[in-house]
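Spelled out from the first residue to the last, the chains are:
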Amino acid sequence: MSSFGVTSTGWIKYADLKANGWGEIIGCINPQSWAAVGIGLSIGLSVVGAAWGILLTGASLVGASVKAPRIRSKNLISIIFCEAVAIYGVIMSIILISKYGSGGDDDVLECNSITTEMYFAGYGIFWSGVTVGLSNLACGVCVGATGSGCALAHAQQESMFVKMLIVEIFGSALGLFGVIVGIIMSTDAAFP
Amino acid sequence: MIPVLLAFTCSKTASFFGFAGVAAAMVFANIGAAYGTAKSGVGIASMGTLKPELVMKNIIPVVMAGVLGIYGLIVSVIITQNVSKSEYSAYDGYAHLTAGLCCGLSGLAAGLAIGIVGDAGVRAVGQNENLFVGLILILIFAEALGLYGLIVALILSQASESCEKA
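These protein sequences, in sequence, are chains A and B. Anchor point for the first sequence: position 83 equals 83 in the working numbering, and the numbering is continuous, going up by one each time. Anchor point for the second sequence: position 124 equals 124 in the working numbering, and the numbering is continuous, going up by one each time.
Keep in mind that a hint or two might mislead.
Mimicking SDA-like on lysine to any residue, the simulated pairs with C-alpha atoms at most 25 Å apart in a straight line are [claimed, not checked]: (1) Lys51(B) - Pro69(A); (2) Lys74(A) - Ala59(A); (3) Lys85(B) - Thr115(A); (4) Lys51(B) - Tyr94(B); (5) Lys85(B) - Val37(A); (6) Lys165(B) - Ala190(A); (7) Lys163(A) - Lys165(B); (8) Lys163(A) - Glu83(A); (9) Lys51(B) - Ala68(A).
Simulated from the structure, these hints should not be mistaken for laboratory data. Since we're looking at a predicted model, the values are computed, not measured.
Extracted from the complex, chain A is given alone in its bound form (with noise of 0.2 Å):
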């Protein structure tokens, strides 16, 4: 019976390592769980980025309404924009997880007997998960900080809240960008 990374005579032979490079030193963790830590972190930092966002918005918003109530409703604009920033990691995680797959045999595998497929699979899915996860936590942060100049600058001058939301728009596109690459990277990433 063997387990991750260990044969049935014991550890991986260092003669292996040497044979076949420091890569196969990545190569004997299990895809799969590269592919769920891919998951995991698509959303999770997602949606790290989406509250980061939504606090630095919401605390000016509520702080200039005190003194300019009638920015309060035109404002949440902002908070939905940040909001919209996790949506993105929500759909793409359920897109990772449909490429997930079900388990493998009851053996765990060998280092040897994992195809180039299931490789392909496991890293596409876990870079995959870790592009759009990061870059939804920059675009969060950018929309939150510019958010909440918004709601600083509307409180004083009425003008001023569709010009900053053409900003906002411009940092909305950064997760949009992510959301792309993850798709297109992990369109031929299965596993059988």
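Use these hints to put chain B onto chain A, whose structure you have.
Relative to chain A, chain B alone:
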């Protein structure tokens, strides 16, 4: 024709590095673009309360920061087309990782520069409109840094070495 001595077998795990390059290009470029957008955006918000008529002109730093994200998108898509399940050598993997890092980290650096210059610049333009041309010149130099990274990444992404299937 590859001499027999130089031919090597395809590595099964090389796609780890290839996809890492795709991720690096997109993520770091996005972080730079996000910093540039947010920092300049806050400057525009601050300046716009006193001079709202100048805001549309001063959105240029935000647009230039957004372009860095597009550079990252371009390089990511190009590298993804080249990462394949079959006949993907370790050489290809390392080349694509480097291409992604080149574009991504250059975009990050350019985004930092555009953000800080844009923030200070739009506030200064709000007080003295003659400074606008100078601000644009500085932003163009900062944007060129991201462009250099894009060029090198595009050259690297074409690097390829064929391998024999094991």
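Against the structure, the hints come out as follows:
1. At roughly 22 Å between alpha-carbon atoms, Lys51(B) and Pro69(A) fall within 25 Å of each other, so this suggested pair holds.
2. A distance of roughly 15 Å separates the Cα atoms of Lys74(A) and Ala59(A); the hinted pair therefore holds under the 25 Å criterion.
3. Straight-line distance between C-alpha atoms of Lys85(B) and Thr115(A) comes to about 10 Å, which keeps the hinted pair within the 25 Å bound.
4. A distance of roughly 51 Å separates the Cα atoms of Lys51(B) and Tyr94(B); the hinted pair therefore is violated under the 25 Å criterion.
5. Distance restraint check for Lys85(B) and Val37(A): the Cα-Cα separation of roughly 21 Å lies within the 25 Å cut-off, and the hinted pair is therefore satisfied.
6. Using a Cα cut-off of 25 Å, the hinted pair Lys165(B) and Ala190(A) holds, with the two alpha carbons roughly 21 Å apart.
7. Taking the CA atoms of Lys163(A) and Lys165(B), the gap is near 56 Å; set against the 25 Å cutoff, the hint is violated.
8. Proposed proximity of Lys163(A) and Glu83(A) is supported: the alpha carbons are some 20 Å apart, at most 25 Å.
9. Only pairs whose Cα atoms come within 25 Å are accepted, and Lys51(B) paired with Ala68(A) is accepted, the gap being roughly 19 Å.
Checked against the numbered hints given earlier, the structure breaks hints 4 and 7 and satisfies all the rest.
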